[in-house]
Structures are given as structure tokens and as C-alpha cells.
Amino acid sequence: MTWKDLNIGCVITEPGNAAEYKSGDWRSMRPIWDKDRCIQCGVCYIFCPDAAIYKTEDNYFEADLYYCKGCGICVKECVTGAIRLVEEEE
Amino acid sequence: MPKRVGMEVSIAASEAVRLANVDAIAAYPITPQTHIVEHLSEFVANGELDAEFIPVESEHSAMSVCCGTSAAGARTFTCTSSQGLALMSEIVFIASAMQLPIVMILANRSLSGPLSIWNDHTDVMLVRDCGWIQCFGENGQEIFDLTLCAFKIAEDHRVILPFIVNMDGFILSHVIEPVELLDQETVDKFLPVYKPVYRLDPDNPVTMGAFAMPDLYTETKKAQDERLKASKPVIEEIWKEFGDLTGRYYSPIETYKAEGAKTLFVTMGGFSETASTAVDMMREEGEPVGLCKIRLWRPFPFEDFWKAVKGVDTLIVIDRATSYGGPGGPVASELRSALYTWEDAPKVVDFIAGLAGRDVAPGDYKKMYQRAQQRIASGDIAGYEIYGVRE
Chain A
1 MTWKDLNIGC
11 VITEPGNAAE
21 YKSGDWRSMR
31 PIWDKDRCIQ
41 CGVCYIFCPD
51 AAIYKTEDNY
61 FEADLYYCKG
71 CGICVKECVT
81 GAIRLVEEEE
Chain B
1 MPKRVGMEVS
11 IAASEAVRLA
21 NVDAIAAYPI
31 TPQTHIVEHL
41 SEFVANGELD
51 AEFIPVESEH
61 SAMSVCCGTS
71 AAGARTFTCT
81 SSQGLALMSE
91 IVFIASAMQL
101 PIVMILANRS
111 LSGPLSIWND
121 HTDVMLVRDC
131 GWIQCFGENG
141 QEIFDLTLCA
151 FKIAEDHRVI
161 LPFIVNMDGF
171 ILSHVIEPVE
181 LLDQETVDKF
191 LPVYKPVYRL
201 DPDNPVTMGA
211 FAMPDLYTET
221 KKAQDERLKA
231 SKPVIEEIWK
241 EFGDLTGRYY
251 SPIETYKAEG
261 AKTLFVTMGG
271 FSETASTAVD
281 MMREEGEPVG
291 LCKIRLWRPF
301 PFEDFWKAVK
311 GVDTLIVIDR
321 ATSYGGPGGP
331 VASELRSALY
341 TWEDAPKVVD
351 FIAGLAGRDV
361 APGDYKKMYQ
371 RAQQRIASGD
381 IAGYEIYGVR
391 E
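First to last, the sequence lines map onto chains A and B.
Residue numbering for the first sequence is 1 to 90, as defined by my numbering.
Residue numbering for the second sequence is 1 to 391, as defined by my numbering.
Keep in mind that the hints were calculated from the coordinates and are not lab data.
Because the structure is a prediction, the values reported are computed rather than measured.
Every clue listed holds true.
With a Cα cut of at most 30 Å, we get these calculated DSS-like pairs of lysine-lysine:
#, chain 1, residue 1, chain 2, residue 2
1, B, 221, A, 4
2, A, 4, B, 232
3, B, 221, A, 22
4, A, 4, B, 229
5, A, 4, B, 240
6, B, 229, B, 189
7, B, 221, A, 69
8, B, 310, B, 262
9, B, 222, A, 22
10, B, 222, A, 4
11, B, 195, A, 4
For reference, chain B alone in the conformation it holds in the complex:
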């Protein structure tokens, strides 16, 4: 039986990358992702991980190098955060179009300005439509598990797509938690050596990243969209296989105390744990509330979401990014759209909360619940409200 050890979540994430036996790492340190890069460079320097660690001068170069190593057939890892993601974003879209199965941990942090190093989801929403598989973990164990699974999913020949594991900056990255690691033998059995479908090989030359004329570009986008959507059953299959191996099962949408609930909070990432505590507290007080956690953000699991919210009156969505001048936070906007054709769809009440590390404590969920009742009573549920802003 593997032992649970207390360790910083960034260290657990690095351990997952080491156990995955990656061949190439290119990354540029940026708060709050730094400990992952530092730890991985130590592994390589100490000979504990036989990989090329390629120091680069920027994140744009980091992602460019990752595309090169992945195209050459190397299992490739990078990690970044906020401004780093913004800088590499040009290449992020190219990696998915070229179907290079790079795994990236994104230590979620707000985008400047004003300059802030703290946690929210504005960075990942910048690349929402980048075509990578994107999932969220809510604690250290999940980050470790999801990172290992990410390599297997990304490299599966039915998928071959890059993968972002979202890990909330500081509230996960810098927190020490009990994490159960796996031994190398178990991981090797679960995650065999990467076998690329195509790779850069002088004996078998291929063209990668070619130009597409207007008469072909549309077909390439259709293929990319279908490919990402088709990854969902494989993601579920591999998460199931991981669950059978470890007893820790993951699903695209997960619920907590949703049975009999009239209202569900909808959260992603680390906030889900606080929301669970809030739900426990409110349930004790007799409020019919539960929690719906979106684990898989892309491809969006519509069927699972519909199943999870069927029969519920209200969804209180906690958005952690703003769409300035838009219809609401990115999550609520999508959920409203997903529910649009439903005759008796639940009402979607959107709160933008927890921007740039501002705490959202269990009591705040209760306040949002009360505020949602007021908004519903007054018919004010279109749009969004920035929770806790000083007026």
C-alpha cells in the first residue's frame, strides 16, 4: 500500500513528471509555477530523471522548444503561469493544430494589469479556445494523478493532443498536503513508452506545420474540433483505468451532495474544496444545496453536465475571470448557452469571485446563496455580479 506523505503540491506535480519519465522539459520560471521547474531541473541535474532540461529565455521559446521535441518523438513537459502563458500563447495554438501531445501544468494566476501574482482563472480563459484538452484539479493528490493520466491520454493514438492540467496558484502550488505517490513499476505499467504516430525522422521525412490555403483551412479546423471532441471517451476510459489501479476515480463532471438539491454551486479547481465545506455547513442548516464541479473544461462534457443539473432550480456559478463588457464570466456564459434549448432549464446566477487571490470563505458561499435568492426574486439574473466588490 503506497504511503501518504506530506509535500508541497508543486513537488508532488514534479514527482508525477519524474515518474512519467519525460524525455524533454523546456520551461521558464514564473511565480507561482517556479517550484515545479526548479525541482525538475534538480532531478535532471542529480541524474534522477534522464531527460533533456532545456533552459530558455522566454515562454515563447519554451513552447517552441516543446513543439520541436514533441515533433521529434520525445515525451515533453512544460509548465507556466499567467504572463508566461500569454507570451507563449502564439505557439500554444500551433501545438494543438499540429497535434503535439505536450503536457503542461498551468499554475493559474491572474493576468496583468495591475500586476498581480495571485490566483484566479484569467490566464486559462485567455487560451480557452486553444484546442488543448483542459482539466482542473482541486487538491495535491488530484494534480499528481491528473498529470500522470494527462500523458497517457495525450499520447493515446485515438487522441494525440496537448493537455493542460490547471492547478490553482498558491492555494494549491505552495500548500503542503498529504499526497500518495505511486512507485515507478506501477507507473511504467500504466504509462508505457511514448510511440508517436509521426515524428521528425531523416529516414522517413514528413512535413509538419504546413501552410493551408483557403480551400483547405476549414477542413483542418473541422478535423481539429472533431478530434478534440472524440477525446472525451478516451479521457474517461483512462481515468477509469487509473481508478481501478489506485482507487481514485475521476469524472468530467463531479457532484457533491447533489441529491435532493434545489441549488447547485458550480466551481472549478481549488475552490471546489471550500465550496464542499460550505455545502456541508448549509446542508446542516437545512438549505437544499449541493455542488457541481467541472473537472473537464475542454472538451466540454455537455451530456454529463446536463445529467448533473437535471431537475435543479438554480445554478450559482463562481466565475474566476471577467469578460469585460460581455455576457458574464466565461463559465456561466457557456453554461447558459449549454442550457438554452432546455424547456425547464435551471436559472443560472453568475458571480465573479476570488479574483487575484481574494479569499472566498465558506461564509461567502452562504452570502452568494442569499444574494442569488434576492436576484431571482427581483428577476435580476441576467448578466453577472462581481461578488464582494467595494462600492
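Just chain A, same shape as in the assembly:
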């Protein structure tokens, strides 16, 4: 986007387009779930500050990597230690 494409006063005319912003680009570590330890309690889902964790069809949980910043709060809060962070590779 060039400076000429900006609206007057940088007004944004499309409501809710912050959802397009890929905060997943900030991530250097990615959360991984160990299904053997997961008790499907949903604590990770509740604590995720970006609402970037969703429930899968088989009732486990995964991160939406478009938004997940890899902050590790889910890892810290997980009751059974089922989530760990792994290095994000290029």
C-alpha cells in the first residue's frame, strides 16, 4: 500500500478487517499437543489471549497458525502438560 492509497485521516471503511492481519507472522515457537496426555478440558482454549485455539472434530485442540503468536500461555496453563513449544523452522 502506498501513501496515495490511504483514505482521508487514515479512516478504515471496511469494518472488522483487523481479522485479515496475520499475527501468526510474529511466531518463533509453535505449540504442539500430545493427544495421549490431553484430557480435552479446554483450559488452553479458554486461556488463549488471541482466541487462536480451536476444537477439532475429535474434541482435541489445535492452534490456528494464522493468528497464533506462539506466546506459550497454553503451555503454561495446560493441566496435564500436554502442550509443548517447538522451534518454528523457516
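Let chain A serve as the given structure and place chain B on it in line with the hints.
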């Protein structure tokens, strides 16, 4: 033919705001701007002006409220001075970035400390780079005219920027002068109802004042700079239209007896009138002096300035603010910079004078002229001199 009436300049300024039929006013009283706020609140209370008058607990809130009302599509006015401007300055920069066409009269007063309520330009120089259009008036009539024009310029869809009309505190704000007002019908024709490009509207939601990441901030600043620079031809067009309507024409740079002058005084605001008297006096004595008045301070009218000073040997700049430890007063520093690439640029001799209401009489201009000759002869024209300071 409209009648000239004697009135305090603050009252004339309030009359301009009333005639502009503003929708919202938020202001906090501060000397020497108080009479404007008081008078406007009376207009609203008496039903002479159909506007929301929003009393606030500080100038920070005044400017915040103005941003809100302007964003909602209301023609918005505020006025302040000195410490009030300093307190609202955080929001002043946001108003221009969000392109909210608020009009503000700034009754120029020195900044504390020491505490002083008197007139100079230290307050406006605090927000020199705030991105608002900024102009100076030198008498009551000009304040009235420029305030009316300010609304039309600020709200023009080619501009959409906030506007500061600088009015010297006390030496203008509290002085009774003959002023020719306009009737409501004429003003309504000149200044139609404000039509915002974007406004806060639940049926048409928009985001205003959004966050910008490093990959966009630079573009927003470029857009803001270009927008302010592009306002200049519109300012001139609207001042011309006002001139055709009233016979009172305004230009970004104005000169007085500049023809054949070897030396020009450079002034802004109310000092220009005294400087004109000084020029008359010195011309009678055979000195080749004239006057260059900067009316439009932002966007700075470089072309007009170059045209006005071409062929002149010396510019004596009267600065009314100090840049402590800097290269000179803010005006002289800018003029030197504007002339830097000129092969035969006039010499710029800078005097800081008239701080916090200290009088600068016509005789003082003569003394500054003589002192400038001495400084040029001794090669001492870099930097600045604080005129009249007791050593």
C-alpha cells in the same frame, strides 16, 4: 454596506464563530482567551447560537471532545492559550493525523515559567510541527475574517485539516478596534453547511484513529505532509473568494513598502502593525526599509517568500520565541534554511524581541536596524541577539 463597529477583538472573534454557525464548542477558559469562551457560552445560553457548548475540566479534554464532535460530523470550534495549548498538545497532533477540521483560535501567550500571562509566540512554536494549518492575524478585522475563512478552508474536501488562527494575546484579544462584521446571509452563502467525507455513523461504520505498524506509519506521515502542502492553493483560492466578497484580500506573504527596500523587517501577527509605523518613520528619514509579513506559517509559503525577498540585502527577523541552545528563533532558523541554496541570499539578522508582553515600539525597530548594520559590519550575523535584554 456593512457598518464598522468598535468592539473588543475577542468579541469580534466570537461573532465570527457565531456567524459560522458552529455545531459544537468545547473549551476551557484561560487568560487571555477567556472573553471568547465567555461570549460564546452566552450566545449558546441565549439561544443566539444553536450549538452544543461542552464545558470541560481541562484543555486535554477540550481537544478530545473536539475530536469526537468533529468525527461525528459537527462543525467544531475551540480556543486556548499557552499552558492550555501545552496541556492539549497530545491531542492536537492526533486531530491533524485524523484530519478532523477543527478550528482553533490561539490567543498567543508566553509559556511558563516563570508564570506569565502576557503575549509572545512561545505557545504556537510548541506545536509548530503539529500538522495544522496555521496563520496569523494582525488586527481585529483580520482575526474576524481569517476565522470565517478558516472554517471554509478546513472543511474543503481538498483539504480536511484542522486550522489554528493565531491572535496575539492582550495586544489584540483585549483591544477595542473598529471591525466590520458580515451579515448572516452573506456568511451562509460563503460558508455552506459542513459535509464531512467520513463521519461516525452507526449505519455506515468506519474505523478512525487506528493503529499503524512500522510498515505503514511512514506512508501515513508522507500522506499527511503532502496533504498539508496541497492545502496552500485552496487557502489562496478561498482568501481570494473572501476578498472578492468583502474587498479584504489576504495572501500567505504580504509586504509593506518593500519596493526599492534594501532591508526588510520580517514579522508575524500583531507586531506587523507597529513595524509598518516604524517603516513609515524610517522611510521618511530616507532609510531603504520595508516589511515582510508572514501570514501563513503552515504550510510555509516558500515560493511567495522567495518572491518577496528577491533582491533584498538584509532581512531583520523579529522572533518572538526562543529555541534554547539552538540556531536562533524559530522563524529566523526556518528562513535561513529556506534561503540556504540561494547564491545571493539576503543576510538574515535575527532578534528575539517582545517576549512575554515586553513592548517593542516603532523606535525599537530603528534601534534593531542600526544594531543590524553593526552586526553585519562586524560579521556577527550568525545566531541571534535577544533585543533589549539588560546586561
